[in-house]
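Novice: These protein sequence lines map, in sequence, to chains C, D, P, Y, G and U. Quick note, the first sequence lines up with residues 1 to 93 if you use this note's numbering. Quick note, the second sequence lines up with residues 94 to 186 if you use this note's numbering. Quick note, the third sequence lines up with residues 187 to 279 if you use this note's numbering. Quick note, the fourth sequence lines up with residues 280 to 361 if you use this note's numbering. Quick note, the fifth sequence lines up with residues 362 to 443 if you use this note's numbering. Quick note, the sixth sequence lines up with residues 444 to 525 if you use this note's numbering.
Calculated from the structure, these hints are not laboratory results. Don't take every hint at face value.
[Claimed, not checked] One side only, chain C facing chain Y, incomplete, derived with CB under 8 angstroms:
{"no.": "1", "residue": "Met20"}
{"no.": "2", "residue": "Ala22"}
{"no.": "3", "residue": "Ile24"}
{"no.": "4", "residue": "Cys43"}
{"no.": "5", "residue": "Thr55"}
{"no.": "6", "residue": "Lys58"}
{"no.": "7", "residue": "Gln59"}
{"no.": "8", "residue": "Arg65"}
{"no.": "9", "residue": "Met80"}
{"no.": "10", "residue": "Glu84"}
{"no.": "11", "residue": "Leu85"}
[As the list claims (entries may be wrong)] Across the chosen pairs, the derived CB separations fall in these ranges:
{"no.": "12", "chain 1": "P", "residue 1": "Met262", "chain 2": "U", "residue 2": "Leu460", "range": "45 to 55 angstroms"}
{"no.": "13", "chain 1": "G", "residue 1": "Glu403", "chain 2": "P", "residue 2": "Arg238", "range": "42 to 52 angstroms"}
{"no.": "14", "chain 1": "D", "residue 1": "Ile117", "chain 2": "U", "residue 2": "Arg487", "range": "17 to 27 angstroms"}
{"no.": "15", "chain 1": "D", "residue 1": "Leu105", "chain 2": "C", "residue 2": "Met18", "range": "45 to 55 angstroms"}
{"no.": "16", "chain 1": "G", "residue 1": "Glu403", "chain 2": "D", "residue 2": "Met111", "range": "21 to 31 angstroms"}
{"no.": "17", "chain 1": "D", "residue 1": "Met173", "chain 2": "Y", "residue 2": "Ala284", "range": "36 to 46 angstroms"}
[Stated by the list, open to error] Here chain C is said to cover these stretches of chain U; the calculated rule only asks that three of the stretch's residues, wherever they fall, bring their Cβ under 8 angstroms from a Cβ of chain C:
{"no.": "18", "segment": "450-461"}
{"no.": "19", "segment": "499-511"}
Predicted model, so just to flag it, every value in this text is computed and none were measured. Note that CB positions come from ideal geometry on N, CA and C, so glycine has one too.
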Amino acid sequence: MDKSMLGDLDGLPEEDKMRMAAMIDQLQIRDSLRMYNNLVERCFTDCVDTFRRKTLDKQEESCVRRCAEKFLKHSMRVGMRFAELNQGVATPD
Amino acid sequence: MDKSMLGDLDGLPEEDKMRMAAMIDQLQIRDSLRMYNNLVERCFTDCVDTFRRKTLDKQEESCVRRCAEKFLKHSMRVGMRFAELNQGVATPD
Amino acid sequence: MDKSMLGDLDGLPEEDKMRMAAMIDQLQIRDSLRMYNNLVERCFTDCVDTFRRKTLDKQEESCVRRCAEKFLKHSMRVGMRFAELNQGVATPD
Amino acid sequence: AAGGAPTNMQKEQMFGLAEKEMEYRVDLFNRLTYTCFEKCIEKRHKEAELNMGENSCIDRCVSKYWQVTNLVGQLLGNQPKM
Amino acid sequence: AAGGAPTNMQKEQMFGLAEKEMEYRVDLFNRLTYTCFEKCIEKRHKEAELNMGENSCIDRCVSKYWQVTNLVGQLLGNQPKM
Amino acid sequence: AAGGAPTNMQKEQMFGLAEKEMEYRVDLFNRLTYTCFEKCIEKRHKEAELNMGENSCIDRCVSKYWQVTNLVGQLLGNQPKM
């Protein structure tokens with residue numbers, strides 16, 4: 001996967017570049033929505049375990065808040081490290 | 094996610110409405126097929142655990158039948174509750 | 187799911203057959219890439235459990251090699267059996 | 280988008296957006312269904328009926344999942360696009 | 362669809378349906394592969410070869426999974442569309 | 444493809460391929476994020492901050508995941524298409 005399959009798109013006419021940009025936009029929207037669903041599923045699973053009432057209690061709610069915040073920080077850190085590796089930035093152990 | 098992104102489609106020409114309807118049909122077919130695969134995976138995982146023979150024994154088979162029935166009833170109940178919440182129907186605890 | 191939904195495509199014009207072939211190609215590419223991601227996730231999960239260093243140690247690396255080989259052999263065997271069942275080949279217990 | 284009929288490009292984007300939103304709702308429903316099955320349903324499947332405990336667990340599970348969805352939406356500024 | 366060439370709309374639907382069926386088969390195969398790996402393969406990966414026990418477990422697992430697929434299909438009235 | 448403008452069919456295939464590659468990268472990133480969350484993050488969520496141990500675990504997890512991706516790529520002849 002070192003070389004991108006996308007290498008030779010630069011020479012394409014303006015119309016195709018716009019189509020490509022629109023495709024990227026669409027994929028990013030889909031990805032954001034999936035991330036949102038992911039975060040909800042993950043934090044619900046980790047934080048909610050009793051079903052004696054139908055509303056979240058204080059403890060569950062603050063667990064979800066912390067979980068969501070950690071999830072976002074985690075994703076950002078993974079994204080940064082991932083980008084560095086994609087660009088071939090080497091760092092010591 | 095309160096407001097739908099689909100809000101302003103009503104004013105569209107007949108041709109676009111048909112295209113929208115076709116898209117919804119396609120997504121529903123995909124969803125049903127995925128649900129079917131889901132149900133099979135879930136009930137296989139819960140009910141089949143020994144591999145000394147290559148055919149289901151009576152016990153496994155009846156476990157799968159009960160599991161499938163419960164899965165469908167579960168999905169329907171979730172679907173009803175989900176629809177109520179989407180429509181903003183409030184119910185006491 | 188016994189009868190294929192694709193039954194009546196044979197009579198279609200050449201142009202549609204080419205479009206169908208292109209669609210199959212695209213789905214196979216997507217499937218291969220997903221399989222690749224699957225294999226990586228599976229073997230990483232099974233083989234890597236300590237994070238005291240940022241490079242794989244010898245043991246982890248050879249575990250990943252064996253895991254990948256087994257995963258591929260497993261997939262091929264499942265594929266063969268699956269194809270037999272799809273073609274209705276019966277075999278004794 | 281002020282005045283006039285939408286261009287083809289705008290139309291394609293609108294259809295694309297509508298499709299993504301429907302996919303999002305289907306995905307949400309599937310995860311909700313899966314998660315509440317995990318949390319509420321007895322796995323040995325001794326009966327084909329849901330018992331009373333399972334039924335009320337499902338109702339509460341859906342309700343709490345819904346609240347978590349809204350809570351997370353608020354935290355993200357009520358933007359599903361994180 | 363009785364007589365005459367299919368309209369464009371019908372053609373699009375046919376292609377869409379064909380695509381969904383292929384996606385369904387790929388999804389089935391992937392879940393089958395995943396599930397039988399979980400049930401049959403020793404996770405420490407001490408060897409690069411599948412041993413006899415794993416091989417026969419795979420064969421039986423695929424066969425039983427297939428039967429569950431058919432059984433569930435019957436319960437749903439042999440309609441994959443639930 | 445030697446010389447001349449690409450045909451419509453070739454263009455469609457190129458767009459399709461580009462889309463598949465982007466989907467692949469998104470899928471890789473999502474699995475990486477999920478897996479390293481599982482391996483590194485304390486699940487009771489007592490704090491809203493990542494602590495030092497979690498942060499360095501994430502860095503090493505991403506690095507090792509990357510190496511596994513490359514290693515598997517080599518084993519498959521550096522062809523992502525298995």
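Novice: Quick check: which numbered hints come out false for this structure?
Specialist: 1, 3, 6, 7, 9, 10, 11, 12, 13, 14, 15, 16
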